[in-house]
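Engineer: These are the residues of each chain, in order.
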Amino acid sequence: MSERGEAIVEIRGLVNRFGQHVVHHGLDLDIRRGEILGVVGGSGTGKSVLLRSIVGLKRPDGGTVRVFGEELERLSSARRARVERRFGVLFQRGALFSSLNLQENVALPLIEHAGLSRADAERLARVKLALAGLPPDAARLNPAELSGGMIKRAALARALALDPEVLFLDEPTAGLDPIGAAAFDRLLLTLRDALGFSVFLVTHDLDTLYSSCDRVAVIADKRILVAAPLAEVEGTDDPWIRDYFHGPRGRAASQAARHHSSPNGEER
Amino acid sequence: MPDNVSRPGRLEQDAHRLSAIGDWTLPHYASLRDAVARVHEAESIDLERLGELDTSGAALLVDLLGPDTVRDVDRWAPNLPAERQALLRAVADASRSPLFAPPSPGGGPLAALAALGQTVERLARQQRQLIAFIGLTLSTLLVTLLTPWRWRITSLVAHVEQTGLNAIPIVALLTFLVGAVVAFLGATVLRDFGATIYTVNLVTYSFLREFGVLLAAILLAGRTASAFTAQIGSMKANEEIDALRAQGLDPIELLVLPRVLAMTISLPILTLVGMLSGMLGGALVCALALDISPTQFLNILQRDIPLRHFLVGMVKAPLFAFLVAVIGCLEGFKAKASAQSVGEHTTSSVVQSIFMVILLDALAALYFMEMGW
Numbered sequence: 001m002s003e004r005g006e007a008i009v010e011i012r013g014l015v016n017r018f019g020q021h022v023v024h025h026g027l028d029l030d031i032r033r034g035e036i037l038g039v040v041g042g043s044g045t046g047k048s049v050l051l052r053s054i055v056g057l058k059r060p061d062g063g064t065v066r067v068f069g070e071e072l073e074r075l076s077s078a079r080r081a082r083v084e085r086r087f088g089v090l091f092q093r094g095a096l097f098s099s100l101n102l103q104e105n106v107a108l109p110l111i112e113h114a115g116l117s118r119a120d121a122e123r124l125a126r127v128k129l130a131l132a133g134l135p136p137d138a139a140r141l142n143p144a145e146l147s148g149g150m151i152k153r154a155a156l157a158r159a160l161a162l163d164p165e166v167l168f169l170d171e172p173t174a175g176l177d178p179i180g181a182a183a184f185d186r187l188l189l190t191l192r193d194a195l196g197f198s199v200f201l202v203t204h205d206l207d208t209l210y211s212s213c214d215r216v217a218v219i220a221d222k223r224i225l226v227a228a229p230l231a232e233v234e235g236t237d238d239p240w241i242r243d244y245f246h247g248p249r250g251r252a253a254s255q256a257a258r259h260h261s262s263p264n265g266e267e268r
Numbered sequence: 001m002p003d004n005v006s007r008p009g010r011l012e013q014d015a016h017r018l019s020a021i022g023d024w025t026l027p028h029y030a031s032l033r034d035a036v037a038r039v040h041e042a043e044s045i046d047l048e049r050l051g052e053l054d055t056s057g058a059a060l061l062v063d064l065l066g067p068d069t070v071r072d073v074d075r076w077a078p079n080l081p082a083e084r085q086a087l088l089r090a091v092a093d094a095s096r097s098p099l100f101a102p103p104s105p106g107g108g109p110l111a112a113l114a115a116l117g118q119t120v121e122r123l124a125r126q127q128r129q130l131i132a133f134i135g136l137t138l139s140t141l142l143v144t145l146l147t148p149w150r151w152r153i154t155s156l157v158a159h160v161e162q163t164g165l166n167a168i169p170i171v172a173l174l175t176f177l178v179g180a181v182v183a184f185l186g187a188t189v190l191r192d193f194g195a196t197i198y199t200v201n202l203v204t205y206s207f208l209r210e211f212g213v214l215l216a217a218i219l220l221a222g223r224t225a226s227a228f229t230a231q232i233g234s235m236k237a238n239e240e241i242d243a244l245r246a247q248g249l250d251p252i253e254l255l256v257l258p259r260v261l262a263m264t265i266s267l268p269i270l271t272l273v274g275m276l277s278g279m280l281g282g283a284l285v286c287a288l289a290l291d292i293s294p295t296q297f298l299n300i301l302q303r304d305i306p307l308r309h310f311l312v313g314m315v316k317a318p319l320f321a322f323l324v325a326v327i328g329c330l331e332g333f334k335a336k337a338s339a340q341s342v343g344e345h346t347t348s349s350v351v352q353s354i355f356m357v358i359l360l361d362a363l364a365a366l367y368f369m370e371m372g373w
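As given, the protein sequences belong to chains A and B, one line each in that order.
1 is the number of the first residue of the first sequence in our numbering; add one for each residue after it.
1 is the number of the first residue of the second sequence in our numbering; add one for each residue after it.
None of these hints come from the bench; they were simulated from the model.
Nothing here was measured: the structure is a model prediction, and the numbers come from that model.
Watch out, some of these pointers could steer you wrong.
Taking CB as the label site, the calculated pair distances span [unchecked claim]:
{"id": "1", "chain 1": "A", "residue 1": "Ser-43", "chain 2": "B", "residue 2": "Trp-76", "range": "31 to 37 Å"}
{"id": "2", "chain 1": "A", "residue 1": "Asp-137", "chain 2": "B", "residue 2": "Glu-83", "range": "26 to 32 Å"}
{"id": "3", "chain 1": "B", "residue 1": "Ser-19", "chain 2": "A", "residue 2": "Asp-193", "range": "25 to 31 Å"}
{"id": "4", "chain 1": "A", "residue 1": "Gln-92", "chain 2": "B", "residue 2": "Trp-76", "range": "41 to 47 Å"}
{"id": "5", "chain 1": "A", "residue 1": "Gly-26", "chain 2": "B", "residue 2": "Trp-76", "range": "51 to 57 Å"}
{"id": "6", "chain 1": "A", "residue 1": "Arg-74", "chain 2": "B", "residue 2": "Glu-83", "range": "49 to 55 Å"}
{"id": "7", "chain 1": "B", "residue 1": "Glu-41", "chain 2": "A", "residue 2": "Glu-145", "range": "46 to 52 Å"}
{"id": "8", "chain 1": "B", "residue 1": "Trp-151", "chain 2": "A", "residue 2": "Gln-92", "range": "49 to 55 Å"}
{"id": "9", "chain 1": "B", "residue 1": "Asp-72", "chain 2": "A", "residue 2": "Leu-75", "range": "41 to 47 Å"}
{"id": "10", "chain 1": "A", "residue 1": "Asp-137", "chain 2": "B", "residue 2": "His-16", "range": "35 to 41 Å"}
Here are the simulated DMTMM-like cross-link-like pairs (lysine to aspartate or glutamate), alpha carbons at most 25 Å apart as the crow flies [to be verified]:
{"id": "11", "chain 1": "B", "residue 1": "Lys-336", "chain 2": "A", "residue 2": "Glu-73"}
{"id": "12", "chain 1": "B", "residue 1": "Lys-334", "chain 2": "A", "residue 2": "Asp-61"}
{"id": "13", "chain 1": "B", "residue 1": "Lys-336", "chain 2": "A", "residue 2": "Asp-207"}
{"id": "14", "chain 1": "B", "residue 1": "Lys-336", "chain 2": "A", "residue 2": "Asp-137"}
Simulated coverage check for chain A against chain B, where a stretch passes if three residues somewhere in it have a Cβ under 8 Å from a Cβ of chain B [unchecked claim]:
{"id": "15", "region": "84 to 93"}
{"id": "16", "region": "178 to 184"}
{"id": "17", "region": "201 to 215"}
{"id": "18", "region": "237 to 248"}
Beta carbons: idealized from backbone N, C-alpha and C, even for Gly.
Between the sequences and the hints, there should be enough to build the whole structure, so can you do that?
Structural biologist: Spelled out as structure tokens, the structure:
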């Protein structure tokens with residue numbers, strides 16, 4: 001196992017544009033091994049675009065993104081596919097394959113990449129679905145039959161299919177009820193501690209930030225304003241950050257977190 | 001330690017003790033699973049020489065030892081790093097509930113018979129649905145006709161452009177080619193009787209009565225019925241239809257009527273284009289291969305071909321258009337929220353609408369023949 005704390009994703013001087021509209025300009029950010037990095041920012045500041053440029057779904061218009069020390073852009077397609085297998089991505093709306101049932105959704109990468117037989121892959125898929133907190137009879141349901149919370153869990157199970165080293169989550173708790181969201185946060189921590197992956201977590205959910213994140217990166221003005229442990233970010237003197245963390249919702253979440261959490265964020 | 005040095009995981013059994021050795025990871029899953037299946041009963045296992053471990057390896061260990069034993073991993077393997085223990089515990093917890101869903105029912109002659117019955121029943125239901133949907137569309141149309149402020153002219157014109165205007169080139173080209181082919185066929189067969197001049201009658205009869213409208217309708221079934229199904233189907237998948245209903249808007253009035261009306265306007269125009277273009281193709285072949293000049297072609301057309309043939313062809317156009325559009329829209333509404341379902345219903349709408357067009361055309365041909373028109 002490699003050292004915890006080393007940077008596995010390094011973004012330097014990233015530029016992203018859509019036509020005339022500049023989303024990122026000179027953005028720097030690291031994701032370190034084993035951490036849960038929360039990414040926050042107002043709507044339309046390019047959080048999802050940042051995620052897409054790291055996993056290679058969007059070609060950056062400038063700057064470099066190095067993943068495990070390599071630039072995806074420069075790799076041959078075979079080597080690129082090998083690097084991409086070490087990612088797990090949970091898309092904002094789940095993006096489950098609508099014509100496959102849940103266990104087939106999770107089994108697909110296992111069959112395609114790990115070369116397992118269908119029976120083995122589906123068996124393992126059921127373990128992953130159970131790990132993500134889904135009941136056993138959910139394995140044969142189709143995505144259209146699921147509630148929002150179950151879709152997120154199933155998408156998490158699919159993201160975990162190949163035991164990724166980095167997990168990219170795009171607003172995993174958006175649209176969940178508070179109990180479901182808290183359970184998802186707890187699940188993420190448990191799995192991170194058990195499986196030891198790093199997490200890049202785009203979120204608007206202040207409770208998630210307080211309960212799970214080791215570091216928080218704030219995107220504003222087309223770059224990362226600050227990337228540091230939460231306490232440090234809260235103290236940063238910036239009008240947006242002040243409004244965000246010290247507004248009514250931010251205060252409530254921070255109080256709630258102080259009331260019932262130990263220093264490393266583990267909840268009982 | 002470097003990642004690429006891989007030591008295949010294996011299971012070793014000496015006197016009393018099992019040992020897990022090497023990497024228990026996804027790449028070695030198949031061989032490890034076989035090894036685990038060979039061991040019948042195991043109380044504990046030595047994990048001292050275990051290399052990498054991931055969820056799949058942990059799942060196998062749980063298979064081997066049972067979830068309850070693995071849950072107490074700190075009792076029998078206290079030296080295991082904490083995160084490994086956490087992983088094993090997490091997988092053990094996940095595996096505690098029964099994982100196996102009931103197997104799907106098998107095949108056999110009885111199942112085939114059941115499938116046949118289900119197909120027949122589905123076909124019958126499909127026809128019933130089609131008739132009901134036609135009724136719904138017509139009654140909505142009637143209500144809308146009486147309330148002119150609810151006419152959706154913009155949407156109608158947009159759909160006429162897409163289904164009619166944009167289809168003119170392909171309809172014209174296709175009928176032109178078929179016209180030329182029919183003329184060639186006529187010329188070849190009629191030459192033996194010294195009656196090549198009747199090629200003109202053959203081309204004009206067939207295009208005015210049948211081919212103009214039939215070719216245009218089949219093209220629209222492939223081009224537009226499929227588009228209607230895909231549009232409405234993906235709107236349905238995205239809950240947009242529900243959103244319309246929830247706002248008190250009628251999807252039939254908003255989505256179906258403009259499409260159906262646009263089609264009933266477009267197809268007669270396209271039929272005319274098809275007739276003219278098919279006869280043009282025939283005339284070209286006549287001029288080039290049979291020495292029948294275009295003037296002569298037009299003379300024969302004017303002298304020999306009564307107007308009623310044109311009318312027989314034309315009256316079918318609105319009917320075909322209505323059916324093709326209604327089938328396209330209905331299949332869209334039947335689609336479920338999956339990519340596969342939208343695809344299936346798109347296929348079904350094209351097949352059904354072409355089938356209906358040809359069936360109705362055959363019935364109409366019989367009728368018109370009996371009536372002597």
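Engineer: Hint by hint, note whether the structure agrees.
Structural biologist: To see whether the hints hold, each was checked on the structure:
no.	hint	in the structure
1	A:Ser-43 / B:Trp-76: 31 to 37 Å	violated (52 Å)
2	A:Asp-137 / B:Glu-83: 26 to 32 Å	holds (31 Å)
3	B:Ser-19 / A:Asp-193: 25 to 31 Å	holds (26 Å)
4	A:Gln-92 / B:Trp-76: 41 to 47 Å	holds (43 Å)
5	A:Gly-26 / B:Trp-76: 51 to 57 Å	holds (54 Å)
6	A:Arg-74 / B:Glu-83: 49 to 55 Å	violated (33 Å)
7	B:Glu-41 / A:Glu-145: 46 to 52 Å	violated (39 Å)
8	B:Trp-151 / A:Gln-92: 49 to 55 Å	violated (39 Å)
9	B:Asp-72 / A:Leu-75: 41 to 47 Å	holds (45 Å)
10	A:Asp-137 / B:His-16: 35 to 41 Å	holds (40 Å)
11	B:Lys-336 / A:Glu-73	violated (38 Å)
12	B:Lys-334 / A:Asp-61	violated (43 Å)
13	B:Lys-336 / A:Asp-207	violated (36 Å)
14	B:Lys-336 / A:Asp-137	holds (22 Å)
15	84 to 93	violated (count 0)
16	178 to 184	violated (count 0)
17	201 to 215	violated (count 0)
18	237 to 248	violated (count 0)
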